[in-house]
Amino acid sequence: MSKVSEAEVRAEVRTWLAANWDAEMSLVVWRNKLADSGWGMPQWPEAWYGRGLPVGLARVVEEEFAEVGAVGVAKSGVRLLAAATLLEHGSDLQKKKFLRRILTGEDTWCQLFSEPGSGSDLAGATTRAELNGDYWIVNGQKVWTTSAHHADYGMLLARTDWDAPKHEGLSFFVIEIKQPGVDVQPLKQMNGHASFNQVFFTDAKVPPENLVARVGDGWKVAMTTLAHERRGADGLSAPSKRGSRTGRIYVEERAEIETANQPYRWYPQRAGRVDLVIERAKETGSNRDPHVRQEIARLMIMAKSAEWTARRARAAQQQGRPQGPEGSLGKLAASNVARAAAHVHTLITGAEAMLTGTGSPRDGIIAEILVSVPATSIAGGTDEIQRNIIAERVLGLPKEPRFDTGPFRKVRRN
Amino acid sequence: MSASDESRFEPVRRIQFAFTDEQEQFRSTIRRFLNDKSPTIEVRRLMGTADGYDPEVWRQLSEELALPGIQIPEQYGGAGFGMVELCIVTEELGRALLCAPYFSTTVLAANAILNAGTEAQKSTLLPDLASGARLATLAVTELNGHWDPREIELVATPVADGYLLDGVKSYIVDGHVADLLVVAARVPATVGHAGLALLTLRSNSGSVERRLLESMDATRKIARIDFRGAHADLLGSLDDGAKPLVRTLDQAAIALANEMVGGAQALFDSAVDYAKLRVQFGRTIGSFQAIKHKLADMLLEVELAKSAAYYAAQSAAADNPEWPALACLAKAAASETYLHTAAECIQIHGGIGFTWDNDTHLWYKRAKSSEVFLGQPNYHRELLMQRWGV
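Protein chains in written order, with the working numbering: chain A, 1 to 414; chain B, 1 to 390.
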């Protein structure tokens with residue numbers, strides 16, 4: 001990769017946008033242009049819809065897009081995790097078949113990792129894939145699958161060898177969701193929403209060319225997906241805010257985001273809605289209670305400090321410094337903030353915290369906070385697993401003794 | 001939100017979230033110096049002395065590193081850096097638990113003079129502090145132990161050539177060795193913030209009686225000073241009222257927060273090291289989840305408190321209007337974190353952690369004195385709420 005300056009990149013992307021950006025284009029046509037030009041994923045390799053730019057310069061491109069209000073590639077759901085995984089481990093055939101339609105938004109993806117019997121211990125998956133003639137035949141059950149109800153493809157982690165040790169008997173497949181052997185059912189959560197699915201496989205088929213990497217490499221490939229998941233911001237998609245925002249392409253983008261976000265409207269609430277705390281205290285008059293004031297201050301100190309810790313991690317990364325411990329702490333901090341926020345919202349809300357629904361404070365939002373925050377310390381790795389990771393990888397403490405070595409067939413499981 | 005969105009909604013002066021390479025080098029230099037000059041054997045030796053510091057180390061720290069004048073402008077003999085560099089110094093001093101009259105001279109007194117003094121006073125008083133030739137301190141608290149300036153009762157009565165101080169100040173850091181005293185007092189018949197003033201006098205003047213108190217944290221000496229008609233000069237003008245004092249205390253809270261996170265980091269490192277060494281039940285105790293999880297939580301708390309301390313320092317340096325509120329935030333966060341880290345560090349050490357020979361208690365006691373010094377966390381949390389308009 002030749003070394004280019006920020007000014008050069010800025011000038012080049014500006015010229016390209018001036019010549020190509022048109023808000024009256026269809027979303028798919030525009031995104032195909034992005035894929036062809038490499039400006040949609042500038043940090044990706046040039047061979048695969050990118051320009052091979054370092055992350056810092058990719059941000060410059062993002063800024064220039066925002067400046068004119070240009071829409072970017074499709075980013076909702078787990079599509080970019082799938083793309084990152086395929087970029088690293090996929091065959092050229094797979095990259096050619098899947099990457100472009102991920103970026104254009106034509107295909108939606110889901111991640112088929114968690115199972116009822118293996119949550120934190122993801123490598124204990126027991127969904128099986130067996131090569132039978134021309135196809136891999138898949139049987140088993142996955143759970144907590146985001147977007148499965150409208151997904152075209154899934155990243156599937158399945159056991160292909162029961163005599164190998166736990167982590168070595170897994171393989172990674174791309175499976176078509178819309179086929180007779182795949183049954184997607186919504187999973188209702190304690191907060192009443194059904195944002196995830198259970199996916200049942202009964203003799204579902206996967207063609208051999210959809211095996212990613214080699215048989216037995218599944219864990220390694222899934223770790224790539226998870227690494228990108230941890231790195232990426234977890235949250236709702238949002239359109240860019242500048243530019244005129246009128247034109248066909250924006251209408252299509254809004255519809256896409258609406259569909260993607262629909263099941264996850266409670267996500268801000270699971271994080272505790274710290275943003276509402278002070279105005280709620282003022283509107284209820286509890287800001288006059290010295291104890292409540294102390295608790296609000298405690299919460300705000302924690303929330304602000306967590307925010308600045310994330311900024312420190314990003315600043316260090318941008319300066320090319322080795323990542324310090326501050327980069328591994330975000331998830332644990334978010335759990336603490338969410339719990340503390342629910343506690344403070346309860347203090348502020350008083351007896352009305354016993355109510356739910358549209359007749360309850362803030363049209364049910366407060367109640368939704370109280371029944372949604374338990375998800376924060378579980379989803380995407382429980383607090384306990386996060387603490388293990390921090391202790392072992394950041395602090396270098398020894399691992400726990402293991403009881404799951406040897407052939408997986410003989411390992412105790414649910 | 002994209003990076004570009006953030007950059008546009010930032011306050012006018014951008015807050016830096018990473019130290020510059022020069023600042024990191026500065027930190028390494030100080031750390032090397034302190035590793036050499038302030039091993040715990042030295043800390044323990046100085047704890048037992050009446051003065052509480054080693055004049056030779058103070059001389060080196062002044063001449064070789066120019067630390068006493070780090071934030072004092074060059075025109076007054078200082079190094080001309082700002083709050084960020086000052087806080088790097090205090091963080092490293094807190095980490096090494098250096099016994100030296102730094103917080104009193106540089107953080108409290110020099111900042112008070114910078115905030116309140118006239119041009120002539122700054123030119124007269126600061127060069128000796130910047131060079132380390134003279135020690136100074138700021139006397140705020142009285143026998144009631146309040147850090148809120150409105151609680152100040154000591155009276156400064158105007159006379160022909162200055163003021164006469166009457167009253168008692170206590171809990172004065174390094175008050176027993178300071179050559180120059182900056183005293184917060186009020187003119188007669190005033191209450192609250194009105195009528196507050198800062199005054200200076202030599203500690204060897206008549207009518208000043210100094211007494212070293214027996215401090216639980218022997219690494220930070222505190223004194224009581226009785227003023228009985230002691231002659232003092234007004235620093236700056238009465239028109240400024242409490243502003244220079246409040247500003248000085250806010251700056252001090254930020255510097256102390258940084259000192260505290262330095263100490264908390266030292267404790268945390270020692271807890272991790274011990275967890276890797278200590279064997280029970282045939283395993284290092286660091287292999288037990290009970291210990292691992294405790295350490296992960298400690299790391300989180302220390303990093304969060306550091307972020308608050310750093311952000312407050314950067315905000316003060318950038319003169320972000322929010323910085324006085326952030327001073328409260330950082331002080332409250334660091335106080336709780338330091339003490340909690342100290343208590344957990346003792347817990348992880350087990351029985352040995354409760355012995356005098358183990359070094360943990362040195363930092364535990366500094367954590368305890370720092371928790372109270374400049375106001376306890378609940379005081380700062382309430383002040384934060386007020387400053388945020390809640």
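I should point out that these hints are in silico values taken from the structure, not numbers from a laboratory. Hints should not be assumed to be uniformly reliable.
Said to hold, decoys possible - Listed next, the in silico DMTMM-like pairs over lysine to aspartate or glutamate satisfying Cα-Cα at most 20 Å (straight line): (1) 304(A) with 297(B); (2) 331(A) with 297(B); (3) 95(A) with 209(A); (4) 282(A) with 382(B); (5) 97(A) with 275(A); (6) 399(A) with 121(A); (7) 220(A) with 404(A); (8) 294(B) with 392(A); (9) 294(B) with 233(B); (10) 294(B) with 273(B); (11) 97(A) with 121(A); (12) 331(A) with 383(A); (13) 399(A) with 273(B); (14) 294(B) with 404(A); (15) 96(A) with 6(A); (16) 304(A) with 258(A); (17) 95(A) with 22(A); (18) 37(B) with 74(B); (19) 304(A) with 64(B); (20) 304(A) with 21(B); (21) 294(B) with 384(A); (22) 178(A) with 161(A); (23) 276(B) with 400(A); (24) 276(B) with 344(B); (25) 276(B) with 392(A); (26) 331(A) with 289(A); (27) 294(B) with 400(A); (28) 178(A) with 163(A); (29) 304(A) with 336(B); (30) 75(A) with 106(A); (31) 331(A) with 107(A); (32) 399(A) with 336(B); (33) 399(A) with 269(B); (34) 304(A) with 269(B).
Every value quoted in this text rests on a predicted model; they were computed, and no experiment measured them.
Hint check results:
| no. | hint | in the structure |
| --- | --- | --- |
| 1 | 304(A) with 297(B) | 17 Å, holds |
| 2 | 331(A) with 297(B) | 12 Å, holds |
| 3 | 95(A) with 209(A) | 12 Å, holds |
| 4 | 282(A) with 382(B) | 15 Å, holds |
| 5 | 97(A) with 275(A) | 43 Å, violated |
| 6 | 399(A) with 121(A) | 15 Å, holds |
| 7 | 220(A) with 404(A) | 18 Å, holds |
| 8 | 294(B) with 392(A) | 13 Å, holds |
| 9 | 294(B) with 233(B) | 53 Å, violated |
| 10 | 294(B) with 273(B) | 14 Å, holds |
| 11 | 97(A) with 121(A) | 32 Å, violated |
| 12 | 331(A) with 383(A) | 8 Å, holds |
| 13 | 399(A) with 273(B) | 16 Å, holds |
| 14 | 294(B) with 404(A) | 25 Å, violated |
| 15 | 96(A) with 6(A) | 30 Å, violated |
| 16 | 304(A) with 258(A) | 30 Å, violated |
| 17 | 95(A) with 22(A) | 28 Å, violated |
| 18 | 37(B) with 74(B) | 27 Å, violated |
| 19 | 304(A) with 64(B) | 38 Å, violated |
| 20 | 304(A) with 21(B) | 26 Å, violated |
| 21 | 294(B) with 384(A) | 11 Å, holds |
| 22 | 178(A) with 161(A) | 26 Å, violated |
| 23 | 276(B) with 400(A) | 13 Å, holds |
| 24 | 276(B) with 344(B) | 15 Å, holds |
| 25 | 276(B) with 392(A) | 11 Å, holds |
| 26 | 331(A) with 289(A) | 31 Å, violated |
| 27 | 294(B) with 400(A) | 15 Å, holds |
| 28 | 178(A) with 163(A) | 31 Å, violated |
| 29 | 304(A) with 336(B) | 16 Å, holds |
| 30 | 75(A) with 106(A) | 11 Å, holds |
| 31 | 331(A) with 107(A) | 29 Å, violated |
| 32 | 399(A) with 336(B) | 30 Å, violated |
| 33 | 399(A) with 269(B) | 19 Å, holds |
| 34 | 304(A) with 269(B) | 25 Å, violated |
Consistency with the previously given hints fails for numbers 5, 9, 11, 14, 15, 16, 17, 18, 19, 20, 22, 26, 28, 31, 32 and 34, ordered from lowest to highest.
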